[in-house]
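Read top to bottom, the protein sequences are chains A and B. Going by our numbering, the first residue of the first sequence is number 177, and it counts up by one from there. Going by our numbering, the first residue of the second sequence is number 9, and it counts up by one from there.
Read the hints as simulated data drawn from the structure, not as lab findings. Since we're looking at a predicted model, the values are computed, not measured. Where a beta carbon is used, it is the ideal one built from N, C-alpha and C, also for glycine. Please note: incorrect hints may appear among the correct ones.
[Said to hold, decoys possible] Derived list of chain B stretches under chain A, where covered just means 3 residues or more per stretch with a C-beta under 8 Å from a C-beta of chain A:
no., region
1, 73-82
2, 93-100
[To be verified] What the simulated footprint calls covered on chain B by chain A, stretch by stretch (three residues with Cβ under 8 Å from a Cβ of chain A suffice, anywhere in the stretch; the number is not a length):
no., region
3, 55-66
4, 103-113
The lines below spell out each chain.
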Amino acid sequence: MRAMSLPRSRLLPRDVLSVSSMGLRTRRLRAALSAVGIAIGIASMVAVLALSESSKADLIAALDKLGTNLLTVTPGQSFLGEDAKLPKPAPRMLRRLAAVEDVAATASVSSATVRRSGYIPKEDTNGIGVVAADPALVRTLGGTLADGAFLNSATIHEPVVVLGADAAARLGIVSVASRPLVLIDGRWFAVAGILSPLALAPELDSAALIGFPLAKKMFAVDGSASAVYVRASPDAMNAVRPLLGPQANPEHPEEVQVSRPSDALAARVAAKSAFTALFLGLGAVALLVGGVGIANVMVIAVLERRSEIGLRRALGATRGHVRVQFVTESLLLAGAGGLAGVLLGVVVSAAFAASRGWPAVVPTSVVVAGIGSALGIGAVAGLYPAMRAARLSPTEALRTV
Amino acid sequence: MLELEDVTKEYPGPVLALGGVSLSVREGELVAVVGPSGSGKSTLLQIMGTLDRPTAGVVRVAGFDVAELGDAELAALRAHRIGFVFQQFFLLEGMSALDNVANGLLYAGLPAEERRRLASETLERVGLGRRMRHDASKLSGGERQRVAIARALLGRPAIVFADEPTGNLDSRSSAEIVALLRELNRDGSTIVVITHDHEIADAMPRQIAIRDGLIEGGG
Ligand SMILES: Nc1ncnc2c1ncn2[C@@H]1O[C@H](COP(=O)(O)OP(=O)(O)O)[C@@H](O)[C@H]1O
Ligand SMILES: [Mg+2]
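Here chain B stands alone, though its shape is the one from the complex (with noise of 0.2 Å):
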């Protein structure tokens, strides 16, 4: 499902935020990337979920050999098969959780009716059925990353990134995303959750572990 070999990323400085990571994860997964804040694991994201290209090194997403897509390719990539998930949410304000659920499918064509449909579905998948029509902006924190996790869900991508998912959740909900995510991972979706927190990484069947853009075990 996810291939990364010998992937370097170098910024101009030079910062040197990926030294060479070789890791693989399965269909069906659910694998934690952790390690201190600035070892490397949101550029390890961005790597992973197409949204920038390493270096150097080979990526493969879904089949798909990153380096041979065109900018449009990685769109379509992203659009068809991968979600994301973000510490800060990226809800769109005035509108509702529902259609917000519902934008997951925006970019892959698919009509609105289509998107709402699916998307009350998995906002019921969530646990979010009643607050399906409220405004975004009047969720709380958890109730918001549900909605996103939900977003990043609806096209049943092949797999699921997640950056800090619970960086900006008190502890209660974010033990209950974390419990979501499994339960997700349980109904066959494949998820890569970064995170800095060990307790959240000892939580998931898999850990992977970076430190100064290097993997450290797990890979």
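Bound conformation, chain A alone (with noise of 0.2 Å):
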């Protein structure tokens, strides 16, 4: 009796995207607003990401401007423990090194404080630093002035100084357009110009500035510097990095300490992960809520379109295309709202990279993140409805009342 074959049931893969998008098509706004949980952890998601990427890019793009060429000479410690020095002729001795560029020392006179008048207590040293500098400093650090400007081979021997831009702020002095006076020691000094901050030295962002020659003859400088700040050639960079100790200092070359200040802008940029994890666990808590509401709403549709099920049985849908049909609406609608999360999470982090002048950076790979782990959680929450519409036998389905 059993003679002839019958064919299988099959639903063409055209037809799984037709049929699974049919509920999703006859109630667009609770599809809309199941989709919504989704979209809103996968925009914070690629937001985060992105604005991680967009403020490294502008941290590297700042490193790029001012380069990685510059290192810093600074007296390290002697064989015994005490602080050591560098020879007075240092500066001299590295700026004849073939590969140097420019060469700038700072020494620092620690004795002395920096007031607006001498009404203010002198112990108030607003954190102040009083630092002897070559006129060569701005050049060699790649940095710019606020206001005014630098020392030069003429006011390195008077009485005028040059603020930090931290100093110059604590001092309440925004411009030099009003000739503003400094009492550094009991004496006036005319502030001659306002640095802007400097990403490679920000230890100088603090300090007052004066010429060596003067701060020789006013307090007991003995002129070996406290910091040789040296751009090398870019090329010659790491050829140059261990001759700079014995240039320095011949007869103690392991008393001198060099760096290399665009290091710990780098270590920044990698400091940024931090924050970053913690945005996405909040972004993973908005994708798992968004996740439970698609479950639940794919839970009702099972149970409203029961007799839906049933007609399909009847029509010769085995229970894998009614698993696939559901697993498959669950996708749609998770792969939708992570679809609008990307986009909503590229818009607002491109404006929100904009407001800060950062480069707007979204990578790919978040992106294709964003979307997948989108479906990811459609085919988990889709799962368990699924499952539960293809047991459902196709009398049960069919039943009314």
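If you follow the hints, you should be able to join the two separate chains into one complex; please do so.
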């Protein structure tokens, strides 16, 4: 009796899509609302990741502009653990190296204090240190002046001071137009300029810079540098770095410390990731809530569409076809939410980056991960409702009342 | 085409819905299964249509012994050889009459264009050619049942089962549906109509009477 063979039930892939999108097309508002959770979760994650990339790109661009070829030579410690000193000719010796392009020395005048007037107690230093500096300092550091001019070969002999960005702010001086004066150890100095923050030498932001010749005359400065900033030619960076110690202090090269301040900036790039992780966690929570919302909507859909399931079984659908229909419906729902979330995240992060003057960076991997995790959530959320739908027997599904 | 031998169906309770039913329907027949409410007609239709399995007995449909087929094979049998018409029509809302009819071969793996072509032909046959593009929810009861009949007939199944097809219709629409079923049968379709309405049963060439899960006559 069972002579003829029977072709299997088949649902073409294109039909899977149209069958699965039917529930969404006929219940648009509900579909949109249930996708909102996923959209918010994905949007926040995409925005956080894109912004972290943008701020990194900004720091890296800043690094590029400042250059990674600045080296700082400072005295280290002697063999006995005492503070060492750089020999007086160190800056001159360093300038002799072929690969060295610029050299500028500074020496801190530890005893001196800076005040706006004599009514302010001497002890109230505001954390501002007096530092003797070469006129080449700003050029060597790649720094700029917020106002006025830096020390030059004439003003280094005179009671003239240039303030670091923080020092100026603490003294309440915003411009040099009114020819402000400050009191340094009982003598009035004219403020010639105010520096912008120095990314590669932040220690100078709180300094009041005066010329070496005047510093030697006024204070008991012995002329030994507390820091020498060396701009090397970028190609010779690695070769020149080990030469600096012996060149600065031929007798005790081990007492010289050489560092690259751009490394500290690069470390800040890495430190940003800590915040990113926190916000990503919050995004993940939103995503989870969105997934629960979708699962909820799918469970309701299966309850409501029992007779549709029965009809499909009568039309020849297998349990697998029913399962695929509801899982795909959930995937479409979550995928649409994910897509909307990615778009929203990109727009938000681009706007925020623009407001900060950062480059807008949206890595492809973030977009892919965003849509991918939305689909993953959709699959998980749809699985249980789809199994329930598939488990219904045709007669159970068709039973009214 | 259809053969039942000593089929019983017991529901948990226990309720003996079918107490040993034997009947056979040959190709090209139009048969009414008639009986009062609760007599086991729907149970019988579900078993004949392979939507459910009997507790005991043999069911053969379109040459296949149902007991020998697995779940997926029964689905395939329904997809290719069996058509259903229900009292509640079960049309999908938000879909045109044409697409609802085209669903009749959705699980047979036919491409959508082919299904639509066949669907428009079949809609012409049931007299709804001009209503094809209308949304299913905008049709009258009689029109909806015509759409459902066209859907059942789409794949030219070996047998069509109709459970109270006129149960939700007024008497005029009922008469039209009965006339349509007779016409389709004259064109070669094998149809089993289940009804509690003797007037409708009497309009069919053959009647099988059922009461309390047992065949009273015509089996
Ligand atoms: N799923 C079920 N579980 C328990 N009893 C059922 C179920 N379906 C039908 N019955 C019972 O089986 C008997 C026959 O029902 P049914 O086949 O629906 O009759 P009809 O269609 O002729 O009204 C009735 O007593 C009914 O209550
Ligand atoms: Mg019934």
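Structure-based check of each hint:
A count of 5 residues in the region 73-82 of chain B with a Cβ less than 8 Å from any Cβ of chain A is obtained; the coverage claim is therefore met, three being the minimum. For the region 93-100 of chain B, the stated coverage by chain A is satisfied: 4 residues place a CB nearer than 8 Å to a CB of that chain, which reaches the threshold of 3. Three residues within the 8 Å Cβ limit are the bar, and the region 55-66 of chain B against chain A gives 3, so the coverage statement holds. Note: the region 103-113 of chain B has 3 residues with beta-carbon separation from chain A under 8 Å; the three-residue rule is met and the coverage holds.
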